[in-house]
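Reminder that position 94 of the sequence shown reads as 93 in my numbering, one-by-one numbering, no gaps.
Errors might be hidden in some of the hints.
[Unchecked claim] Derived DEER-like restraints, expressed as beta-carbon distance ranges:
no., residue 1, residue 2, range
1, G65, V94, 43 to 49 Å
2, V33, D67, 54 to 60 Å
3, V33, L56, 34 to 40 Å
Because the hints were derived from the structure by calculation, they are not lab data.
Every residue, glycine too, gets a C-beta built ideally from N, C-alpha and C.
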Amino acid sequence: MTTPPPPQSFPLPPQSFRTLRPEARAKTSRPWDVVVTIVLLVLLPLLALAASYAGVLLAFASDACGADRCDAALMNTGFWAAVVSPWVVFVLGLVVTIVSLVRHRLAFWVPLLTIVVMAAAWFVSAAIVGAGVAAS
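Work the whole structure out from these sequences, hints included.
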């Protein structure tokens with residue numbers, strides 16, 4: 000019978016393994032970041048509502064249209080994009096912000112970026128509606 004090989008030994012004692020890899024610090028949240036983020040998160044639905052309402056007002060762009068002078072399908076696409084896109088951007092921004100807060104990362108910039116993207120989406124939608132009016 001052969002004897003099994005002895006268990007493999009390591010040249011370093013187990014206590015020295017701790018010094019090879021730094022121990023992870025406990026992540027702490029920054030109070031100012033949490034406060035600013037929560038204030039911005041309270042403002043986001045109000046801004047989404049305002050942007051959506053402004054999107055509804057884009058329907059009046061069709062007043063400049065005659066009998067067959069405008070591209071109604073393009074205007075309809077821009078109108079619905081202006082009404083719906085602020086809420087889609089809001090939900091995405093909310094999810095990313097909550098994930099950032101849970102992971103103890105800086106999160107105040109996410110609602111700020113959400114506001115910028117919301118405004119950009121509205122202006123792109125308004126340009127689509129304008130292109131439908133000018134399609135004569």
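Going through the hints against the structure:
Under the hint 43 to 49 Å, the C-beta atoms of G65 and V94, about 44 Å apart, fit the expected range. At about 56 Å, the beta-carbon gap between V33 and D67 stays in the expected band of 54 to 60 Å. Roughly 36 Å separates the CB atoms of V33 and L56, a value that falls within the hinted 34 to 40 Å.
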